Structures are given as structure tokens and as C-alpha cells.
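J.: In case you want the letters, here they are:
There are 2 protein chains.
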Amino acid sequence: MIRPTEDQQYYELTSPTALPKASGFLWNNQMMIHMNCRGYAVAQFMQPEPAKYSHAPNLEAKTFMQPEQPYYAHHPGRFLFIKDEESGYIFSAPYEPTRQVPDKFVFAAGKHDMIWTVEHWNLRIQMTLTLPKEGAAELWQIKVTNTGSRKRKISLYPYFSVGYMSWMNQSGEYVPDLGAIVCSSITPYQKVQDYPSIKNLKDKTYLLAERKPDAWEVSQEAFEGEGGIMRPSALEAGTLACGDARYEMPAAVMQYRTEPEPGEELTYRFVFGPAKDEAEIRGIRERYFGLHGEREQEAREPGGAESGNEPRSSTGSNRENEAAAADFSEDGFEKAARDYAAYVAEGRGVLTIDTPDKELDNFVNHWLPRQMYYHGVTNRLSTDPQTRNYLQDHMGMSYIDPRSTRQAFLTALSQQRPDGSMPDGIVLYEGAELKYINQVPHTDHCVWLPVCLVTYLDETDDYALLDEEVTYAGGEKSGTVFEHIDLAVKWLIGDRDDRGLNYINQGDWCDPMNMVGYKGRGVSGWLTIATAYSCIVWADICERGGRSAEAEDYRQQAEEINGAVNRHLWDGDWYARGITDDGVPFGISADEEGRIFINPQGWSLLSGAADGEKKAKLIRAVEEQLESPYGVEKLAPSYTAMREDVGRVTQKHPGSAENGAVYNHAAAFYIYALYAVGEKENAYRLLRKMLPGTDEADIRRRGQLPVFIPNYYRGAYRQFPRTAGRSSHLFNTGTVPWVYRCLVDGLFGVRGKPDGLRIAPQLPAEWNEASVVRAFRGAEFRIAMKREAGVSEAEVYADGRLAADGIVRGLRAGETCEVTVKLPL
Amino acid sequence: MIRPTEDQQYYELTSPTALPKASGFLWNNQMMIHMNCRGYAVAQFMQPEPAKYSHAPNLEAKTFMQPEQPYYAHHPGRFLFIKDEESGYIFSAPYEPTRQVPDKFVFAAGKHDMIWTVEHWNLRIQMTLTLPKEGAAELWQIKVTNTGSRKRKISLYPYFSVGYMSWMNQSGEYVPDLGAIVCSSITPYQKVQDYPSIKNLKDKTYLLAERKPDAWEVSQEAFEGEGGIMRPSALEAGTLACGDARYEMPAAVMQYRTEPEPGEELTYRFVFGPAKDEAEIRGIRERYFGLHGEREQEAREPGGAESGNEPRSSTGSNRENEAAAADFSEDGFEKAARDYAAYVAEGRGVLTIDTPDKELDNFVNHWLPRQMYYHGVTNRLSTDPQTRNYLQDHMGMSYIDPRSTRQAFLTALSQQRPDGSMPDGIVLYEGAELKYINQVPHTDHCVWLPVCLVTYLDETDDYALLDEEVTYAGGEKSGTVFEHIDLAVKWLIGDRDDRGLNYINQGDWCDPMNMVGYKGRGVSGWLTIATAYSCIVWADICERGGRSAEAEDYRQQAEEINGAVNRHLWDGDWYARGITDDGVPFGISADEEGRIFINPQGWSLLSGAADGEKKAKLIRAVEEQLESPYGVEKLAPSYTAMREDVGRVTQKHPGSAENGAVYNHAAAFYIYALYAVGEKENAYRLLRKMLPGTDEADIRRRGQLPVFIPNYYRGAYRQFPRTAGRSSHLFNTGTVPWVYRCLVDGLFGVRGKPDGLRIAPQLPAEWNEASVVRAFRGAEFRIAMKREAGVSEAEVYADGRLAADGIVRGLRAGETCEVTVKLPL
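For the protein sequence lines, the chains are A and B, in the order given.
Residue numbering for the first sequence follows numbering that gives the first Met the number 0, beginning at 0 and increasing consecutively.
Residue numbering for the second sequence follows numbering that gives the first Met the number 0, beginning at 0 and increasing consecutively.
For the record, the hints were derived by calculation from the structure and aren't laboratory data.
Keep in mind that the hints are not guaranteed to be accurate.
No copy is singled out in the list; a pair is fine if it fits within one copy or between any two copies.
To be verified - Derived lysine-lysine pairs resembling PhoX-like cross-links, with alpha carbons at most 25 Å apart:
| no. | residue 1 | residue 2 |
| --- | --- | --- |
| 1 | LYS518 | LYS190 |
| 2 | LYS20 | LYS61 |
| 3 | LYS613 | LYS275 |
| 4 | LYS152 | LYS275 |
| 5 | LYS821 | LYS613 |
Predicted, not measured: the structure shown is a model, and the values here were computed from it.
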């Protein structure tokens with residue numbers, strides 16, 4: 000049902016119905032497209048705010064990405080209808096909207112493209128989607144092969160949904176001169192002050208065809224007729240009516256009539272996307288199909304009935320012609336695909352692993368760094384990423400492109416307020432506004448400065464960053480990066496009440512926990528613990544930077560805070576989540592719902608608040624109350640009714656998102672903490688639950704391919720077992736850099752130190768060996784780990800020499816080191 | 000294809016495909032539902048802002064009602080799936096979503112209900128929708144009759160779409176105790192300050208069934224399966240799975256298995272709507288189905304396989320039982336339907352006509368006052384109606400319930416600013432905010448005070464209203480109604496430039512004409528003319544109120560303004576629409592697009608600006624450039640590109656809405672003006688074009704039933720003939736009171752005067768006679784109009800006596816007068 004390809008470049012799904020929402024995603028700096036296996040698509044591009052060029056059939060709300068979005072018949076999609084002209088039989092690829100189950104179906108979610116292969120009625124359809132590196136555009140290649148033994152008469156109808164563009168103006172028509180269907184609209188607005196920004200938007204959606212179509216239709220309604228989207232009436236006619244749309248909902252549909260001989264393969268290529276005007280579309284045509292593309296197409300008249308008398312393999316790429324024109328000696332379309340593949344390939348991490356767990360290997364070597372890279376280079380397609388997301392996403396970039404992390408820190412700190420507090424979002428474009436949740440004040444953002452910085456420093460040893468001078472928001476005050484972060488940590492320490500607990504205001508890491516402290520008194524248990532951990536992390540950084548006195552102060556501060564935590568928040572078997580404005584502790588054994596939260600437990604292991612006894616108790620409590628077959632839940636039992644002194648989190652559906660899902664971001668914190676205290680078996684068991692599988696029932700339950708970690712799997716396992724484990728299908732999540740840290744700092748123990756690489760693996764008992772290639776500061780460590788009899792604790796040999804403290808030192812960029820790690824049986 | 004029923008209470012459509020968007024609408028004070036003939040629905044209710052209980056399949060934008068909305072497979076709807084259990088054959092009523100064309104189809108749009116009758120496979124399905132007078136709820140009755148000669152085994156599946164309720168929380172389940180499917184959600188929000196209002200919203204959607212269903216399904220996805228909405232997979236099983244929805248998109252589907260004998264009629268009744276909680280749903284059950292409804296149902300077990308052995312006619316209304324219970328001696332459902340019919344019947348106008356034009360008769364006697372009434376009692380389901388809409392809608396109420404008009408004037412004037420200007424919207428609830436277009440400053444609102452007031456005074460002679468004391472906005476200053484309106488007219492006179500032309504700011508009556516004067520200099524030709532007309536109307540009111548000196552002043556003022564208009568705006572054959580901020584006149588012969596606008600032409604006839612020569616010229620220009628088979632266009636040629644010195648109107652799709660549609664509101668102004676200057680043939684021809692028909696091609700082109708006048712028919716007839724004439728299907732429009740004034744003041748000439756009713760018909764030449772019953776100040780005038788040889792001008796005889804000036808005086812409330820009008824041949 001699902002399988003990686005041999006080269007590990009794709010994950011394949013061989014059924015259109017087993018995991019109907021299984022999907023992949025592609026992105027570049029200007030856009031993102033999330034496609035499901037059946038042909039439905041969600042695509043956004045930045046101008047600079049997110050916008051759509053393929054819309055729903057109604058006026059959709061502008062909102063952030065939502066989990067578990069339903070698909071429906073007229074959901075935006077990309078399809079190919081195929082008609083057998085002799086029998087009138089119609090089916091569609093990939094699967095929607097006609098839903099004829101084909102003889103063979105393969106959806107291959109790749110790193111830089113997605114490929115569907117559908118075989119039906121002795122025809123093989125291969126649809127490939129890739130993106131260019133620059134610009135918002137989908138590059139589609141459709142190959143149709145006659146796999147039967149007789150000549151066929153068929154019509155092919157690429158169908159690209161355009162949808163309800165605007166109530167002000169929407170229309171569409173085929174523009175022969177461009178060889179494109181061009182749909183036009185005006186983004187709806189009412190105020191004259193909005194006009195200057197509206198006028199520059201890319202309000203056109205085009206479908207640009209390399210080959211001239213035999214016919215087309217641009218009116219959705221005319222295309223569907225009474226047959227509806229599942230069996231459009233327009234397909235009954237010999238040719239489409241070549242209609243337009245005039246304040247009618249457009250669709251971009253073309254028709255190619257063709258008569259392939261046995262074995263003949265036909266290739267069609269399309270570009271689909273947004274544009275400002277026809278001049279831009281003309282430029283796109285030239286870029287991808289060459290200057291003379293359309294003219295030459297008309298001369299060749301491919302795909303027409305007249306031209307189908309002899310077998311041929313036409314790629315439609317006009318190579319001969321382009322070879323003659325000096326400026327277009329290369330096929331622009333193929334070049335773009337190649338450049339895009341190279342761009343995505345830049346998203347490599349620092350680990351290549353080979354373990355007994357092949358699914359983990361595949362995910363870690365290929366998909367996890369890709370997902371981190373996506374976050375880091377796109378900032379989740381937001382112009383105002385939430386501060387904690389921005390910092391954590393760039394923590395992940397420490398493993399891929401540390402220069403970008405460095406720059407992100409400088410950007411974020413330049414928006415820090417002079418009092419040390421951080422804003423709720425980081426504005427990335429002049430004029431961008433804080434939107435949605437960034438309009439709600441949260442108190443945790445400062446935590447992420449030291450916590451994320453340490454990964455950057457581990458990877459790069461770039462302590463010089465701390466000396467960079469950065470202005471504060473407002474531009475008047477300025478200070479070094481060290482001073483900025485120091486002020487942030489001090490702000491956290493200062494933002495506590497008489498008991499020594501951190502105020503929560505309208506939320507901490509848990510965005511919708513908005514009514515615990517909105518009156519100004521409520522405190523966050525987790526945030527207090529996180530403040531202690533921040534002090535420890537910052538103390539270490541101070542120490543390494545030669546500031547021993549400050550380090551000592553911060554360590555003492557952490558100890559005091561941990562004391563307050565144990566005094567006010569320990570509930571007997573685990574830590575409370577907080578204390579409300581009215582002084583009521585919650586997340587405690589007396590609560591019927593929201594009795595235990597994962598975050599205070601894991602972070603108390605990091606901060607050192609939990610001693611050995613507490614540690615054992617809370618780990619047991621988590622296992623008993625929060626662990627499910629699909630991972631560890633964020634809280635349990637999920638709230639089933641509003642709790643007005645906790646807030647909006649309790650109104651979310653039980654088991655969804657922050658209300659008790661297996662919220663992988665929180666799960667990753669916990670796993671990281673388990674590794675931090677050497678709980679390697681618990682850690683690995685939970686880590687492994689982040690990926691679907693390995694058995695088919697689990698895969699069906701999750702409903703997604705292991706090409707990304709979703710922000711959550713449905714929780715409330717004990718309350719609503721039917722839905723537990725279901726993927727949110729949201730690939731935006733702070734989870735991934737933490738999982739990577741779990742691998743680097745924990746499971747494989749290959750963490751950077753100022754003077755070298757410290758090697759201290761925590762392999763699970765079931766693994767006898769594993770090997771890791773670790774890229775580190777330009778050098779390469781080839782590490783073989785193996786359990787051996789007679790070894791009592793890990794022994795690290797670098798190029799044959801024992802490194803007593805496990806730290807391999809002195810390697811320079813470009814050098815390679817063979818490391819052997821002997822582990823106890 | 001379309002026909003009124005004999006009693007004129009319904010308009011019937013006999014095809015589900017001829018006019019696929021044909022529709023009707025029902026409303027009460029809390030809700031509105033707009034249903035198309037095929038079963039799709041748009042419903043809103045007020046809490047107090049508009050909200051939905053049956054949603055689209057995605058998160059829809061909150062917006063005002065938009066024209067020509069597309070339908071799509073998963074559009075909200077109300078359907079009945081029917082399965083023949085022997086053959087497995089499935090179809091649906093009314094027509095969507097399976098789209099099986101039935102043997103017989105009748106959609107009857109009624110005044111207080113809508114009835115579908117579908118005959119197929121020897122089954123007759125009758126679906127009836129009505130509303131209660133109070134409360135947001137749909138009352139559905141479904142009758143199924145076995146019209147064949149053998150017993151049948153069938154399953155009936157009422158399907159009520161619930162859709163994507165919320166990303167925070169959505170679920171649904173069957174609650175046996177209530178006999179209802181109850182879907183729950185939380186209206187999405189993020190800010191703690193929004194919680195107090197959110198918490199009181201009716202976030203549940205229920206489908207309450209009188210009879211206990213045999214099975215049900217609440218998960219849309221589980222119901223549809225791979226079959227999709229056109230052929231849901233769940234129908235293949237013997238019974239639905241009785242599933243629930245847990246953060247899954249809900250649908251309310253029930254199943255009744257039944258075995259009707261030949262001739263047997265089964266009745267099922269349902270209530271569908273929003274509720275706060277289960278207690279409210281319980282109350283609704285009791286109100287409509289009686290206290291013991293569900294319990295008794297369980298005992299009777301109707302519709303089950305066991306009970307179908309003998310013919311019966313079960314209404315399911317439990318009459319015997321209810322007769323026993325004193326408090327529920329009446330069937331609540333039937334009583335609600337009867338009360339609602341009575342409520343709608345209150346929306347009578349003052350005219351009952353009998354003319355050679357039977358379609359006009361039907362529309363004027365039945366549908367036009369109903370549409371006026373809808374506007375007046377609901378304020379278009381807005382909490383902040385635009386000021387001009389509010390005043391004009393209540394101008395219409397002068398003919399239906401003048402007390403409501405009186406109150407509306409007092410309400411509006413209490414929000415007038417102390418400087419005489421009017422706000423852009425009238426706030427009807429404490430805390431309501433000016434939204435959408437009401438956030439854009441428009442300069443015309445004061446015009447509507449005298450212009451609408453005169454109709455109220457004509458109807459009631461209630462000059463005492465002018466003496467009522469009303470405070471201004473802010474509550475400090477106060478004045479009489481006379482002083483208020485006087486100040487408004489003076490504000491209009493004062494808001495002019497050196498040339499004597501009225502500033503337009505960001506719009507006048509034409510909302511999107513927002514860039515003519517946004518810099519503060521541009522002027523509106525129409526508004527200047529309308530100011531002159533306001534002065535004249537106000538002068539007449541002053542005069543009648545005994546203020547002759549003021550009257551004389553205002554008449555002189557009007558003359559001066561008309562002079563300025565003729566000096567600066569006359570273009571040679573018609574009046575310009577305005578002059579931009581940069582001094583450029585537009586709406587003139589030199590313009591390639593937007594060359595001529597209708598509004599300045601008609602209003603110049605009203606204001607007296609146009610002398611005889613100008614009148615002839617401009618009427619010819621309108622006929623040549625603006626008249627189409629579907630009415631007179633608002634402007635021509637429609638703009639096809641943004642004109643930045645005119646504004647947003649030029650960005651709307653050519654031929655849609657204000658950009659050159661047959662915008663019926665403007666058309667009605669023009670027709671009214673034609674009657675005002677005695678252009679009765681031109682007036683009648685254009686008036687008649689407001690209704691679809693009479694030939695089939697025209698009806699198909701318009702695409703709607705003549706049960707309301709839409710806000711526009713598509714224009715740009717000369718530019719885009721394919722789409723011209725198409726109805727917007729929007730029944731919110733200021734058109735209707737003006738059409739009524741055209742009939743009262745113009746066509747039938749039965750306008751009120753302080754001392755009686757002035758009778759001066761302007762029948763078109765093609766009519767030899769007409770009769771009118773005119774209700775007027777409690778009296779009834781039965782007026783027979785007839786052309787006779789030898790009559791040179793109209794002669795009016797009241798109860799046989801000639802009224803020399805055409806004014807019938809002295810009639811008191813309760814009295815009746817027989818009037819004969821002799822007209823020239």
C-alpha cells in the first residue's frame with residue numbers, strides 16, 4: 000500500500016482509496032502547494048501576503064492553515080479527464096473527480112516533484128508536478144501512453160480548477176496569442192485606501208499550454224452541465240465549445256484529440272499559476288517553452304487528428320528549434336525542473352543514518368531535513384511568523400544553513416523591545432502586520448532565544464555572534480546580541496509573581512490557553528520551568544563565552560525557580576500546568592479533565608526541577624495517562640466543555656490540536672527531555688510513534704505518508720478511540736527541529752561542543768548496531784556504533800584512537816574521520 | 000415551463016433544468032432562507048449579527064449577499080434521497096444531488112411556503128418548507144405517496160447539509176432523547192475579548208424529526224464514501240451506520256424504511272435550525288410536536304417494516320394524543336405554519352389591479368408588496384442598514400404599515416449628526432457596528448429624507464410627525480423632525496463647491512463610484528440634481544405645512560442649482576455624471592466607456608433642470624444607448640478597465656451591478672421620472688421589462704421566476720450579448736418601493752394629497768381599460784378606468800360625481816367609493 004522507492008527519493012501509495020487524504024507538498028520562496036493523492040490541491044503564493052490562484056467554489060475566508068480540512072467535490076484540484084472517443088467511456092486521473100478505480104494507481108510523493116501513474120483501459124497516464132525555484136507557478140507534465148495493441152482515438156482534457164475568484168469581477172478566456180487560458184479578477188475590496196495595494200496584486204490565473212489545444216472551455220457551469228463535476232456534460236460533445244466566462248466562475252479546461260498508435264507516448268506540458276497581466280504570462284511562456292513555442296506549435300499542429308498516422312514520441316519541447324536560437328538553447332521547462340531539484344537538494348541535514356529501522360532511516364535521511372528546510376526558507380509562508388516559530392524554525396536551519404539562522408537571530412533581536420520582551424510575531428516585510436494569533440499577547444517568546452541559540456552555537460561555535468551590535472525596536476537603544484538575550488532572560492526572570500512563578504497573560508507556548516491569566520494574576524507552570532531551563536542554557540553559553548560569574552548567577556537563579564516550582568506546582572505524582580487568576584491550580588489529579596499536561600513534565604527534567612523520585616513518578620504518570628499507540632498526548636483527559644479559567648484550549652474539539660491531540664511539538668519536547676536524562680528506551684518508543692506504521696492498520700489510521708510529521712495525530716485515545724491517531728495533515732509544525740535535536744543530541748549523541756564533536760549515543764536496546772555519517776563544521780565523521788561484549792560503557796575511537804571523554808577534537812573542514820563506538824551489550 | 004397557480008398564491012416551475020437557479024425566499028424577523036428550485040439553500044439568522052447554521056464545505060468568508068452566486072455539488076441544501084429497496088435504484092428530491100430527471104417536477108414558490116412535487120418511479124414526493132413567525136427554524140413536511148399499483152419497499156433519507164461549522168470544534172450525533180441529530184461547534188475566534196459574545200451564540204445545528212428514524216448518519220464523509228454526494232455509498236447498505244461526527248464535517252441524514260401500500264401516503268415532519276443548547280431543542284420539539292411526541296412515536300413505531308401491512312394515512316401529528324393533553328390540543332407545527340401565513344399576509348399593499356397585462360397584475364397584487372414588506376420588516380437582515388436603504392425600504396412600508404415608516408424616520412433622525420449630515424448606516428442594535436460599505440463616506444444620504452418622507456405624507460397626511468422632537472446623535476442637541484430634515488436639506492445645499500455642484504467624496508447613491516472625489520474636489524452631477532429635487536420636494540412639504548416663505552426659498556434654491564447643473568453638466572445631448580477631482584467631466588459623449596449614465600437623466604426630469612428640448616434629447620439618448628431588451632442600463636458602455644478618476648465601479652465586471660447592469664433601482668428612478676413628466680409609453684415599456692417574460696426565450700435568459708425583482712439583470716447588452724438579461728438572483732434592492740411609487744403616482748395615478756386622493760392615470764396606449772382597488776387612509780376606492788370616444792382628457796367620477804381636479808375628497812376610514820375614470824381613446 001505504501002513503500003519508499005528504492006532510491007528513497009519518493010514515497011509511493013498504490014491505492015487512491017486506502018489513504019484518501021494522503022498528500023505531499025512542494026514549495027519555493029514564493030509559493031506552496033499541498034496536493035493529495037487524488038488530485039485535490041491547496042496552493043498559496045505570496046504577494047507578499049498569502050493569496051490563491053485556484054479558489055474554492057465560494058468566497059472563502061482568509062485564514063491560517065487548518066487541520067483535517069475536508070475535501071469535497073468542487074475542492075480546488077488538478078485533473079485530467081480522458082475520453083475514449085470510440086466507446087464514449089470517461090475516466091479521470093489521478094482519481095478525482097470521476098472516481099473510476101483504475102487498474103493501477105501510484106502516487107509518488109517526491110522531494111522536488113510528485114508523480115502519479117494511472118493505468119486504465121490500456122492507457123498509461125503519468126502526471127508530474129514540479130515547481131520552478133523562483134516564481135509562483137506549477138509545472139505540469141502529462142504523458143499518455145497507449146499500452147494496448149491497437150490504435151486508439153482519445154480525447155485528453157486537462158482540468159485546472161480556478162474557482163470563485165471574486166465578486167467584483169471574474170472572467171476567463173482562451174488567448175490564442177499566448178496559448179493560454181487567462182482568467183481575470185479583481186481582489187474584492189471596498190475602501191479607497193486599499194486600492195494602492197490591490198492594484199498590484201496578481202489577479203490573473205493562467206493555464207499555459209505548450210501545445211495548442213484543439214478546443215477549450217472556460218465556464219465551469221458550461222463545462223459541467225447537468226452531468227456535474229463527476230461526469231461533465233461537455234465531454235459528451237466531440238469537441239469542447241471553446242466558451243468563455245463572463246462574470247461566471249471560470250475553470251481552465253483544454254481538449255486534445257489524439258490517436259496514439261500502440262506503444263506511442265504523448266507528452267503535454269503546462270504551466271499554471273498567478274500573474275499580474277498578459278505580458279507576464281508571455282514572459283512565462285518564453286521562459287519555459289521558448290520564444291517561438293506557440294508559433295511553432297501552430298505549424299506542427301500536434302495532437303490533432305490529422306497528425307496521428309504514424310507512431311512517434313513527441314515531447315513537445317521543440318528541441319531542434321530551440322537549439323537554433325542561441326538564447327533558448329536549453330529547454331526552459333526542463334531547466335526549471337532541474338534547478339528546482341537542486342534547490343530542494345540544498346535542504347540536507349547533518350546526519351545520514353543506517354540503523355536496523357529502515358523506515359526511520361528513510362525519514363531521517365530524506366524527509367525530516369526537507370521539512371525543516373521548508374520551514375526555514377519559507378517561514379511557513381507568513382509575513383509575520385510567530386516569534387517562537389521563527390526562532391525554532393531557524394534553530395532547525397542550524398543543521399542546514401547556519402548563516403540563515405544567524406541572520407534570523409539578528410532580525411528577531413532587532414524587533415525586541417527595549418525592556419527585553421519579545422513581540423508576538425517577527426515582521427519580515429515592511430508594512431506587514433501582526434495577524435491572527437499574533438494579536439494576542441503571549442509571555443513565552445523570550446524562552447526561545449537561549450534555547451534555540453544553543454543549537455546554533457553547538458553547530459557553529461560562532462560565539463562571535465554574541466558580540467554583534469543590534470538596535471532594539473524603535474531604533475533608539477542598541478546593544479550586543481549577548482546583551483539582547485541577557486535582557487530577554489532577565490525579562491523572563493522578572494515577569495514572575497511573589498511566589499516566583501511566571502505570569503501567563505493570554506497564553507504561553509500553548510496559544511489558546513488564554514484565560515488562565517488574562518486578569519493579570521494567573522501563572523504558567525510550564526513557563527516557569529522553561530524560565531529555569533533558559534537560565535541554565537544561558538548560563539552554559541555565558542560560561543563558554545568566559546562569563547563565569549554571570550553563569551553562576553543564572554544557575555543559582557534556576558535553582559531558586561526550580562524551588563518555587565516544586566513548592567507550588569508539584570501535585571504528588573506530576574507537575575501542575577499552572578495556577579489561574581483565581582489561585583486555582585490546574586492540570587492536577589483533582590481535575591476531571593485536563594488532569595495532566597505533558598509540557599511541565601518534560602521540561603522539569605530539562606530544568607532539573609524533578610529529582611530522581613519525581614522523575615520516576617512523572618514518567619510513569621505520562622505513560623499511564625498520556626501515552627497512546629500514536630504517541631504521547633498533550634493533555635488528558637481532553638476537555639469536553641469550556642473551562643472559563645483555562646480558556647479557548649478547552650473549547651477545541653477533544654483530541655484535536657492543543658486539546659489533547661498527540662501534538663507532536665510537545666511530544667518532541669518530552670522525547671528530548673527523556674534523552675536529556677538518559678531515558679533512552681522511553682524516548683525511542685515515543686519517537687518512533689511519530690511516524691505512521693509499521694503495520695497497515697496503523698498506516699490507515701494515521702492516513703498519511705511518512706514524508707512529513709504532522710502537527711498532530713488525533714488524541715483523546717481513551718475518550719474517542721474511533722478517531723485517535725488520525726493525522727492533521729498539517730506540515731507546518733515546530734516539531735521537526737526538535738526531532739532533529741533528539742537525533743543529534745540524544746539518540747545518536749553527536750552533539751557539537753566548542754572544541755569538537757561529543758559522541759555519546761543512546762541507542763535503544765533492540766539495536767545492536769548503527770552507523771551515522773555526521774557532517775560537522777565542514778568535516779565528516781563516519782561513525783560505526785556497535786554493541787560488544789565486555790564493554791561496560793561507551794568507548795569512542797576516532798581514527799583508531801580512544802577519545803576518553805567522547806569528544807573528538809581537532810578535525811578541520813574538509814577532513815574526514817572514521818569513528819568507532821563500542822557500546823555495552 | 001413557468002405559470003402562476005390559479006389562486007395566484009404560487010409561481011410554478013415545471014422543470015428542474017430550464018431555470019436551474021430559479022428560486023424563492025422566505026423570512027421572518029430572525030431569519031431568511033433563499034432556496035433554489037433544485038434544493039440548494041442559503042439561510043441566515045440573526046443573533047443579532049447574521050450567522051449560518053447550514054454551512055459551505057469550507058470556511059466561508061463573512062460577507063454581504065453577492066449576486067449570481069454559483070452553486071456547486073456540496074452547496075448547502077435540503078434533499079431527500081429515495082431508495083427502492085428491491086432494485087437498489089436511487090434518486091433524490093427535489094433534483095439535486097443525484098440529478099435524476101423525474102417524470103414530473105413542480106417547484107412552487109409561494110408567499111409563505113415553498114412546495115416541490117416530484118413524481119418518479121411510481122412515487123410522489125411532496126416537500127414543503129415553511130417558517131415559524133418567530134425564531135430561526137425551518138419547518139419541513141415531506142409526503143411520500145405510492146402512486147403505483149403494488150406495495151413498495153423503500154427507504155427515505157432526508158439529508159440536511161450542516162457543512163464545515165468551525166475549525167475549533169465541530170461534531171454531531173443523534174440524541175435519542177430529543178429525536179434529533181444535534182451538531183455542535185464553537186464559532187471560531189482567537190481573542191479573549193470576543194469570548195463574551197461568542198459564548199452566547201447558537202452554535203448548534205439540529206435536525207429534529209417528528210418520527211423516530213430507523214437509522215442515521217452524522218459524518219458527511221462516512222455518508223458519501225467513494226460514491227460521493229451524487230451517489231452516497233452509505234445508501235448501498237440496508238441501514239445507515241448510525242455514525243457520529245467527531246471533529247469531522249457533519250451532515251444530518253436520517254433513514255426511514257417503509258413499505259407503502261398502493262395509494263398510501265406517508266408524512267414526515269422535521270424542524271431544522273440553530274440552537275444554543277439541547278434545552279432549547281427540547282423546547283422546540285415540544286412547541287412543534289407536542290410534549291409527548293417522541294415517547295409516543297416510539298410506541299407507535301411508524302415507518303418500520305412491521306407496521307406497513309395495511310394501507311393507512313399517517314400524518315404523524317398525533318392528534319388523538321394531543322387532544323387529550325390540554326396544553327397541546329393544537330398541532331404546534333400546523334399552528335406555526337398558519338401563523339406564519341398570516342404574518343406574511345400582513346404584507347399587503349394598497350393596490351389591487353386588473354389590467355390587460357395579467358402577469359403584471361399577478362406581480363403587483365401579490366409579489367411586489369411581499370418583497371417590499373420583506374425589506375421593511377427585516378431591514379435586509381442587517382444590524383446597520385445603509386441609511387439610504389433604510390429610508391427607501393421604509394418608504395415602501397408607507398403602503399403597508401405606515402406606523403413602521405414613522406418609527407423608522409424617528410430612528411434615523413436620532414442618528415443624524417448635529418450638522419445635518421446623516422451617518423452612512425443606521426444602527427439598529429446597541430453595539431452594532433457600521434460594516435462593509437458603511438465604513439466608506441457617502442454624501443447622498445440626506446437626499447432620501449424629504450424624498451422618502453413625501454410618500455409617507457402622501458399616504459397618511461401625518462404632518463404631525465414634523466412636530467415630533469428628536470435628539471441628534473450624541474444626545475445633546477434636539478429638534479423637531481421638521482428642523483432635522485430642514486437641516487439635512489441645508490447640509491446638502493451647503494456641501495457644494497464654488498460652481499454650485501455637490502461634492503461626492505467617496506460615493507453617492509453609486510457606492511463604488513469612490514474615486515471621483517476622494518481628494519475633496521470632485522462633484523456628483525446626479526447628487527447636485529438630486530439636491531435640487533430634494534429642495535422641490537421639501538418646498539412642497541413646507542408649503543403644505545403652512546411654511547410658504549421657506550417653500551419659496553427652497554424653490555428658488557432649486558432653480559439656482561438647476562442653473563448650475565445646466566451650466567456645468569449638460570453635454571449637448573445628455574447630462575454628465577460628474578466632474579472628477581482633477582476637473583474632468585465624465586459620463587459625456589467624449590468618453591469611450593461610461594459615456595452616459597442613467598441617473599442624471601431621470602432626476603433632471605424630476606428636478607426640472609431639463610427643459611423640453613433637453614428632455615427630448617436625453618430620452619432619445621437613453622433609448623439609443625442604454626435601453627436593452629431587459630431594461631435600461633445604468634451606464635454604457637460598461638467599463639472594461641479601471642478608470643482611476645472614477646473608481647471601483649469601473650473595476651466591476653462589465654454589465655454586472657453598478658458597472659452597466661440593468662440595475663433595477665436606477666431603472667425605477669428613471670421610470671418614475673418618465674411618469675413625472677408624462678412619458679407614459681416609455682415608462683410602461685421599461686417598467687414591463689423588469690419582469691421576466693413573456694416569451695420563453697426571455698424567461699430562460701433571465702433565469703428567475705417573477706416572484707421578485709432582482710437588484711439587476713446583466714447589462715452590457717451591446718458588449719456581451721451572451722450574458723445580458725441574466726438575473727442577479729438578489730432580492731435585496733431599493734427598486735421595489737420605487738416601482739410601487741411608479742404604479743401609485745404614475746401608471747395608475749392614485750396618489751394621496753393632503754385633502755384626498757388624486758386620480759390621474761397614465762395607462763399605456765395599448766390598454767383600453769383597467770380597474771384598481773386602492774386602499775387609502777382606511778377607505779377603499781374601486782376605480783374603473785376606461786378609454787371612451789369623445790373624451791379629450793381624463794374625467795374622474797366619484798360615486799357618479801365629477802371631481803373636476805381629479806381629487807376625490809372627504810372619504811373616511813371604512814368607507815368605499817366607486818370611481819369611474821374616462822380616458823381619451
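J.: If a hint holds in the structure, say so; if it does not, say that too.
T.: Hint check results:
Proximity of LYS518 and LYS190 under a CA criterion of 25 Å is satisfied inter-copy only: 14 Å between copies versus 36 Å inside one chain copy. Proximity of LYS20 to LYS61 under the C-alpha cut-off of 25 Å is restricted to the intra-copy arrangement: shortest distance 22 Å within a copy versus 27 Å between copies. Neither within a single protomer nor between protomers do LYS613 and LYS275 lie at most 25 Å apart by alpha-carbon distance, with minima of 61 Å and 45 Å respectively. Proximity of LYS152 to LYS275 under the C-alpha cut-off of 25 Å is found in neither arrangement, the shortest distances being 38 Å within a copy and 59 Å between copies.
Taking CA atoms no more than 25 Å apart as the test, LYS821 paired with LYS613 passes in neither setting, with 32 Å inside one copy and 104 Å between copies.
When the structure is compared with the earlier hints, violations turn up for hints 3, 4, 5 and for no others.
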